[in-house]
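Each chain is listed here by its residues.
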Amino acid sequence: MFEIVERRELAENIYLTRVKAPRIARSAKPGQFVIVRADEKGERTPLTIADYDVAEETITLVTQALGISTRKIVAKGEGEYLADVAGPLGRPSDFVAEDIEELRKRKFIFVGGGVGAAPVYPQVKWLTERGVEVDVIVGAKSKDLLIYAEEMAKVATNLYIATDDGSEGFHGLVTTLLEKLVNEGKQYDCCVAIGPMIMMKFVTLTAKKFDLPCIVSLNALMVDGTGMCGACRVTIAGKTKFTCVDGPEFNAYDVDFDEAMRRQGMYRTQEQRALAIQREREAGHKCNIGLDK
Amino acid sequence: MANKIPRVPVREQDPQVRATNFEEVCYGYNREEAMLEATRCLDCKNPRCVGACPVGIQIPRFIEHLREGNTAAAAEVISHDSSLPSICGRVCPQESQCEGACILGIKGEPVAIGKLERFVGDWQLENGRPAVEIEKNGHKVAIVGSGPAGLACASDLAKMGYEVTIFEALHEAGGVLVYGIPEFRLPKERIVKAEIESVKALGVKIETDVVVGRTITIDSLLNEEGFDAVFIGSGAGLPRFMGIEGENLNGVLSANEFLTRANLMHAYDDMYDTPIYVGRKVVVVGGGNVAMDAVRTAKRLGAEAVIVYRRSEKELPARVEEVHHAKEEGIEFKMLTNPTAIIGDEKGWVKAINCVQMELGEPDESGRRSPVVVEGSDFEIECDVVVMALGTSPNPLIASTTEALETTRRGVIVADEWGQTTRKGVFAGGDAVTGAATVILAMGAGRKAAAAIDRYIKEK
Numbered sequence: 000m001f002e003i004v005e006r007r008e009l010a011e012n013i014y015l016t017r018v019k020a021p022r023i024a025r026s027a028k029p030g031q032f033v034i035v036r037a038d039e040k041g042e043r044t045p046l047t048i049a050d051y052d053v054a055e056e057t058i059t060l061v062t063q064a065l066g067i068s069t070r071k072i073v074a075k076g077e078g079e080y081l082a083d084v085a086g087p088l089g090r091p092s093d094f095v096a097e098d099i100e101e102l103r104k105r106k107f108i109f110v111g112g113g114v115g116a117a118p119v120y121p122q123v124k125w126l127t128e129r130g131v132e133v134d135v136i137v138g139a140k141s142k143d144l145l146i147y148a149e150e151m152a153k154v155a156t157n158l159y160i161a162t163d164d165g166s167e168g169f170h171g172l173v174t175t176l177l178e179k180l181v182n183e184g185k186q187y188d189c190c191v192a193i194g195p196m197i198m199m200k201f202v203t204l205t206a207k208k209f210d211l212p213c214i215v216s217l218n219a220l221m222v223d224g225t226g227m228c229g230a231c232r233v234t235i236a237g238k239t240k241f242t243c244v245d246g247p248e249f250n251a252y253d254v255d256f257d258e259a260m261r262r263q264g265m266y267r268t269q270e271q272r273a274l275a276i277q278r279e280r281e282a283g284h285k286c287n288i289g290l291d292k
Numbered sequence: 000m001a002n003k004i005p006r007v008p009v010r011e012q013d014p015q016v017r018a019t020n021f022e023e024v025c026y027g028y029n030r031e032e033a034m035l036e037a038t039r040c041l042d043c044k045n046p047r048c049v050g051a052c053p054v055g056i057q058i059p060r061f062i063e064h065l066r067e068g069n070t071a072a073a074a075e076v077i078s079h080d081s082s083l084p085s086i087c088g089r090v091c092p093q094e095s096q097c098e099g100a101c102i103l104g105i106k107g108e109p110v111a112i113g114k115l116e117r118f119v120g121d122w123q124l125e126n127g128r129p130a131v132e133i134e135k136n137g138h139k140v141a142i143v144g145s146g147p148a149g150l151a152c153a154s155d156l157a158k159m160g161y162e163v164t165i166f167e168a169l170h171e172a173g174g175v176l177v178y179g180i181p182e183f184r185l186p187k188e189r190i191v192k193a194e195i196e197s198v199k200a201l202g203v204k205i206e207t208d209v210v211v212g213r214t215i216t217i218d219s220l221l222n223e224e225g226f227d228a229v230f231i232g233s234g235a236g237l238p239r240f241m242g243i244e245g246e247n248l249n250g251v252l253s254a255n256e257f258l259t260r261a262n263l264m265h266a267y268d269d270m271y272d273t274p275i276y277v278g279r280k281v282v283v284v285g286g287g288n289v290a291m292d293a294v295r296t297a298k299r300l301g302a303e304a305v306i307v308y309r310r311s312e313k314e315l316p317a318r319v320e321e322v323h324h325a326k327e328e329g330i331e332f333k334m335l336t337n338p339t340a341i342i343g344d345e346k347g348w349v350k351a352i353n354c355v356q357m358e359l360g361e362p363d364e365s366g367r368r369s370p371v372v373v374e375g376s377d378f379e380i381e382c383d384v385v386v387m388a389l390g391t392s393p394n395p396l397i398a399s400t401t402e403a404l405e406t407t408r409r410g411v412i413v414a415d416e417w418g419q420t421t422r423k424g425v426f427a428g429g430d431a432v433t434g435a436a437t438v439i440l441a442m443g444a445g446r447k448a449a450a451a452i453d454r455y456i457k458e459k
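Here the protein sequences line up with chains P and F, keeping their order.
End of the first sequence sits at 292 in numbering that gives the first Met the number 0; the numbers just go up one at a time, nothing left out.
End of the second sequence sits at 459 in numbering that gives the first Met the number 0; the numbers just go up one at a time, nothing left out.
Hints in this document: simulated from the structure, not taken from any laboratory.
Note that beta-carbon positions come from the ideal geometry of N, C-alpha and C, so glycine has one too.
Where hints are given, some of them may not hold.
Stated by the list, open to error - Heads up, simulated PhoX-like pairs for lysine-lysine below, C-alpha to C-alpha not over 25 Å straight-line:
hint, chain 1, residue 1, chain 2, residue 2
1, P, K104, P, K140
2, F, K204, P, K40
3, F, K447, F, K135
4, F, K350, P, K238
5, F, K423, P, K238
6, P, K40, F, K135
7, P, K200, F, K346
8, P, K200, P, K153
9, P, K104, P, K28
10, F, K346, P, K240
11, F, K192, P, K40
12, P, K19, F, K204
13, P, K40, F, K199
14, F, K350, F, K333
15, P, K179, P, K104
16, P, K240, F, K350
Stated by the list, open to error - Covered stretches of chain P (chain F as the covering partner; in silico rule of three or more C-beta atoms under 8 Å from a C-beta of chain F):
hint, segment
17, 20 to 26
18, 53 to 60
19, 85 to 96
20, 187 to 195
21, 257 to 264
Turn these sequences into a full structure, and let the hints guide you.
Printed below as a string of structure tokens:
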């Protein structure tokens, strides 16, 4: 059991949950994720680590409540417990193992879309704490859905905000903003994009235009998260890889995004059905013809 | 003396009924049946069954006690050599081990040793094991993985007085016993959990959600957490795929994924959140026990279920009993059939599997006649789901994060017959060393390593 020490709503349906997990806090590195199970009946859900604090022995998770499992996770309040948190899983970001002097010669641009802004944060923090220059684009549909802008402003060299409706910062998509920055003469050596699969696909296409190397963090479906099941198979440069143990970060140019997006939908019908039943139950509806069985 | 009665039949759930539920297939013997079956044992002077048992259980001795109605004494005999009788009685391939060697089997049917062992094991779970006085010796041993190897090693070490902690990556202890083998073959609450509870009763601690190699490392256990030795029983969990076209289509999954969803995550039960998909027809590729487990699970979830295997029925590596049960339940077997590609619809979902017919040629290095493709025999089987049950290999995570721990080219950890690895103080056994094998071999390896760890720590 893992105690929740802090929980707050960051934006509509997006929650921050900070959990006591001493072993994970000690071992976590930027780029890694955990598997969370809210309760005894819950699914094993992969969530990227948004922050970790060795002294406090906590890790921070940012969850967008979409399906049954994520709704269960965000419903847990301070002082309550998550049944399971296992990790840190996956390989840390490549830069963690690189020579610091070499890293300082490079300039990074991070693109965090929607809830993807959260996992970008520990990476930016890690790099700028070590004196590496990092620009960050945080994107959201609108101002109300924008998360991590304040925290990011503290750690990023330059922070750029983009909203689809123009309610804050640049009016438009993160890809358009990225293109604008490069066209205005910004020089970057590496782009890291984390967010919805479709956003990562288009950031990759944009980066390609400028021959800008690009890394993405894939959020494939998983069960165990340790290499056992292969649900998270993705095609990387024509070869099958497991997101959980070979990733979650990959060279973006090599990723078959269309296949990855299709595979994310493997259980969509079942998930939507389960969620619909759950909503009906919550509304007090009792099915008399057994459709909820 | 031995009775010339036929083997006492074991009661089973009706095939048509059980093909729609997850309750245990076989009910096992009751006391009367067990005592009667026990009278069939010839009590051979030179018992071949003992030699054929991977852990050398004194089979005629425990059967003798059963015949006299003394189940407690029978349990005592088994416990010298096996720590998980109710599990091994259910999942051991007895026909190629003890029962395969039974003299009675030459002309008729061998003694139902497996069913007798199961009876004794279940009796012990119900009646409790006699409490053992344990004097703690002050040494700590860490065990990686709570499957059969780890549980057996832990229970022996705990009895010797060691303070034992098992680290399990998943949220539940049991390893393959909980994620792999289905409920209808090995009940989780009544048998697996009860066995694990009895290991815990010896003082063994189990920490779940700890992925050794990520959350902690073997080195941190030895250098920072004060463990005197480590046993690695992490199993063989990495699924293999065929490498054919269409394997990443929606609807193609490893048997590990399919069974983990059904068993560990209880996806067959609507009260649990994890989804599972079978569609109308499931094709399972492979012929081992895991393939049988997957195909029978698919059937129970309401799909038409088919086994596709490239050799003939005689070469099926699965236990005879499992194949027999699967057939009774209406599983279709397509033998001498090998998939060449999986075909998807316009949305990227499986719609069929393309196969070729095979015929048996010359024997290969395993002694089995190797299958050869019949030219121009391509055909399609329409289906919605394809499950790949082609075997597994060990997870490289531990070896890649541990100093001086060698593995072979096949990815298994190098260890001697006592489980000693190339790293001092680090022992290993079970599937992590042998590659995918059986519960009984893993259990045997765990117990041998426990003895070796005891020697190592005492000599240190």
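Hey, F/K423 versus P/K238, does the alpha-carbon distance stay inside 25 Å? Roughly 37 Å between the alpha carbons, so the hint for F/K423 and P/K238 is violated.
F/K447 and F/K135 were given as a pair; does the straight-line alpha-carbon distance stay at or below 25 Å? Status holds; Cα separation ~20 Å.
Taken at face value, is the distance from the CA of F/K346 to the CA of P/K200 at most 25 Å? Roughly 19 Å separates the two Cα atoms, so the pair holds.
Taking beta carbons only, do three or more residues of the segment 85 to 96 of chain P come closer than 8 Å to chain F? holds (count 4)
Quickly compare the C-alpha distance for P/K179 and P/K104 to 25 Å and report which way the hint goes. Status holds; Cα separation ~23 Å.
For the pair supplied as a hint, F/K350 and P/K238, is the alpha-carbon distance within the 25 Å limit? holds (23 Å)
Could you grab the alpha-carbon distance between P/K40 and F/K135 and see if it respects the 25 Å cut-off? Cα-Cα ~37 Å, so violated.
Would the hint linking F/K346 and P/K240 be met if the CA-CA limit is 25 Å? holds (22 Å)
Hint consistency between F/K204 and P/K40 [alpha-carbon to alpha-carbon, up to 25 Å]: holds (23 Å)
Please verify whether P/K200 and P/K153 have alpha carbons no more than 25 Å apart. Given pair P/K200, P/K153 is violated - Cα atoms ~28 Å apart, limit 25 Å.
Given as covered by chain F, does the segment 53 to 60 of chain P meet the bar of three residues or more with CB within less than 8 Å? violated (count 0)
Could you grab the alpha-carbon distance between P/K104 and P/K28 and see if it respects the 25 Å cut-off? holds (22 Å)
Comparing the model with each numbered hint stated earlier shows that hints 1, 5, 6, 8, 18, 20 do not hold.
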